[in-house]
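Visitor: Here is how the chains run, residue by residue.
Number of protein chains: 2
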Amino acid sequence: MSGTLYGVGLGPGAPDLVTLRAARLIGAATVVAYPTLAGGDSFAREIVKDLIDPSTHEIVMDVPMTIERAPAQAAYDIGAASIASFLNEGHDVVCLCEGDPFFYGSFMYLFARLKDQFQVEIVPGVTSVTACAATAGMPLVARNERLTVLPGPLPQDELRVRIEGAESVAIMKVGRHLAKLRDVIEDLGLIEQAVYVERATLTSEKVLPLSQAPDKAPYFSMILLTKGTDPWL
Amino acid sequence: MSGTLYGVGLGPGAPDLVTLRAARLIGAATVVAYPTLAGGDSFAREIVKDLIDPSTHEIVMDVPMTIERAPAQAAYDIGAASIASFLNEGHDVVCLCEGDPFFYGSFMYLFARLKDQFQVEIVPGVTSVTACAATAGMPLVARNERLTVLPGPLPQDELRVRIEGAESVAIMKVGRHLAKLRDVIEDLGLIEQAVYVERATLTSEKVLPLSQAPDKAPYFSMILLTKGTDPWL
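If you read the sequences in order, they're chains A and B.
When we follow the working numbering, the leftmost residue of the first sequence carries the number 23, and every step to the right adds one.
When we follow the working numbering, the leftmost residue of the second sequence carries the number 23, and every step to the right adds one.
Check before you lean on any hint, since a few could be wrong.
Below 25 angstroms or equal to it, Euclidean Cα-Cα: the simulated DSS-like pairs (lysine-lysine) are [stated by the list, open to error]: (1) K137/B with K228/A; (2) K238/A with K202/A; (3) K228/A with K238/A; (4) K71/B with K195/A; (5) K228/B with K71/B; (6) K202/B with K249/B; (7) K249/A with K195/A; (8) K249/B with K137/A; (9) K228/B with K202/B; (10) K238/B with K202/B; (11) K249/A with K137/B; (12) K71/A with K228/A; (13) K249/A with K195/B; (14) K249/B with K228/B; (15) K195/A with K238/A; (16) K137/A with K228/B; (17) K228/B with K195/B; (18) K195/B with K238/B.
Derived from the structure by calculation, the hints contain no laboratory data.
Here chain A stands alone, though its shape is the one from the complex (with noise of 0.2 angstroms):
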C-alpha cells in the first residue's frame, strides 16, 4: 500500500506558530520534503528544524530563481519523483510548507504533480496576512466586511483599480515592489492607514507606518491596509 503524502503549513515563521498536528506529524516523519531556492536555505525547514528526527531522510528540492516556469517545473519534476518512490515504497511524506501550502504555497505544484496517484492530506496553517496583522495590532475585518488579498508583482494600473475597489487589503511579496505600491497607496490618499510590517513574527519583525517604511523590503514582507472609520465596537 502506497504511504501517504502531507502538505504541512508551518505558519509565518514563528516555530510555535505551528500546529499541534504539525508538529505531530514532523516529530513522528521517517520522509520529509521541502524546497530550496537556489541553493540557499530552506526557510519551512529553519521554521521546524527542532521537530525533525536526526533519522528521518530529507529530500531537498533545489528550485532555481529564474523568469521562465520551465527550470523550475524541471525541479518539481525531479522533487515529486523522488517523493513518489518512496511513497510507492510506502512511506508516508511529510513536505514542509511556509505559511499555509494552498496560499501562495510551492506545496501547489508538487500537489499538481502527485493528487491523482497518491493520497495527499493537507494541514493548514496559519497564514502571514494574519500573522502581520496580530503583529500589527491592526484587526482585518469585522461583520460584513470584505478583504482582498493583492500580489505586489502586480501591475501597478491593476493595482489602483484593485486597491480602490476594496475595502479592507493585505499586499503580499512586497519585496523590491515597495517603492511602485507606496506610489499608488500615496496617489489613492490611503497612506495613513497603510502599514508595513517585514518578517512577521521573528525575532527580527518590524511594523512601522507605511509612510516611513525602508526603500528596501525583503520578500517576506506586507502591506495592510484598512479603509473602513468603524471603530468594531
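Got chain A sorted already, so can you dock chain B onto it with the hints?
Guide: Positioned in the frame of chain A, the structure of chain B alone reads:
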C-alpha cells in the same frame, strides 16, 4: 503591574489545529475568557476544553443575538470590565477566539475597549478560509493571483459585482444565505467551479460541489470558488 490580555486564535475547530503557542498559553492561564451566543455553548471553549486546567477561572460573556448592536455592545462592555478587573490585579487573561482574532473575530470588540489601557498580545490562528481549502483539496491562490473574501450576508447586487470582479473567492458566513449565493454564482456561470464546505476539520465536516449543497447550511459553512484555468504547474 497590570497583566497582559492575550487574544488567542484557536483555528477552525479541530483541537490539534491549535498552535503550540496557543496551547501553552491556555494550559498556563489562570484566567480565560470567551463569548457564548444567546446562552449556547462556546465553540471556542469546546476546541480547547482538554487544555484548560480545572483551577482556571473562566469569564463567560453571554452575547445576545439581536439585530440592533446595543445589547451585544452592552455584553462586551460587561465582559471588558470583568477582564479589566483581573488585568488590574496583575493577572494575565487569555481570551479564546475561534479562527483568528483579527479575522471576523468577536475579540475585536474587546480589543477596541481594552487596547488603550492594557498590554495586548494577539496570537494568530488558522483561519477557516485555508482550513476549508485544505478540506476541499482546493488550492486557493498561486503566484500573482488575487483572493477576495466576502461575507455571505452582503446584498445580492454587491455580491454579484464582487464575485464577477474577483479571481479566487472565499465566501464566509454562508448559513441562511446559501440559496441567494447559489443563485448569484449560477447566474455568473461559475457554479461548476464552486465548492461548498461545512464545519471544516470537524468530524462532521462536509464537502460538496455547490450545485449539490443542501438547502440548509449551518453558520460555519463556506463557498470557495476559483476561476483560474492555470493548472499551477
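Visitor: Can you confirm whether the C-alpha distance between K238/A and K202/A stays at or below 25 angstroms?
Guide: Judged against 25 angstroms, a Cα distance of about 12 angstroms means the pair holds.
Visitor: K137/B and K228/A: Cα distance at most 25 angstroms?
Guide: Judged against 25 angstroms, a Cα distance of about 20 angstroms means the pair holds.
Visitor: K71/A and K228/A: Cα distance at most 25 angstroms?
Guide: 24 angstroms, holds
Visitor: Would you mind confirming whether the straight-line C-alpha gap from K228/B to K195/B stays at or under 25 angstroms?
Guide: 15 angstroms, holds
Visitor: Is K228/B close enough to K202/B, meaning Cα to Cα at most 25 angstroms?
Guide: Holds: K228/B and K202/B sit about 20 angstroms apart, inside 25 angstroms.
Visitor: Between K228/B and K71/B, does the CA-CA distance stay at or below 25 angstroms?
Guide: 24 angstroms, holds
Visitor: Check whether the Cα positions of K202/B and K249/B lie no farther apart than 25 angstroms.
Guide: Distance ~20 angstroms between K202/B and K249/B Cα, so the pair holds.
Visitor: Does K195/B lie within 25 angstroms of K249/A when you go C-alpha to C-alpha?
Guide: 22 angstroms, holds
Visitor: For K195/B and K238/B, compute the direct alpha-carbon distance and say whether it is at most 25 angstroms.
Guide: 13 angstroms, holds
Visitor: Is the hinted pair K249/B and K137/A satisfied, with a Cα-Cα distance of at most 25 angstroms?
Guide: Roughly 20 angstroms separates the two Cα atoms, so the pair holds.
Visitor: So if I understand the rule, the pair passes when the alpha-carbon distance is 25 angstroms or less; does K71/B with K195/A pass?
Guide: Judged against 25 angstroms, a Cα distance of about 37 angstroms means the pair is violated.
Visitor: Run the distance test for K228/A versus K238/A: straight-line Cα separation, threshold 25 angstroms.
Guide: Measuring from Cα to Cα gives roughly 13 angstroms; hence the hint holds.
The structure does not agree with numbered hint 4 stated previously, though it agrees with all others.
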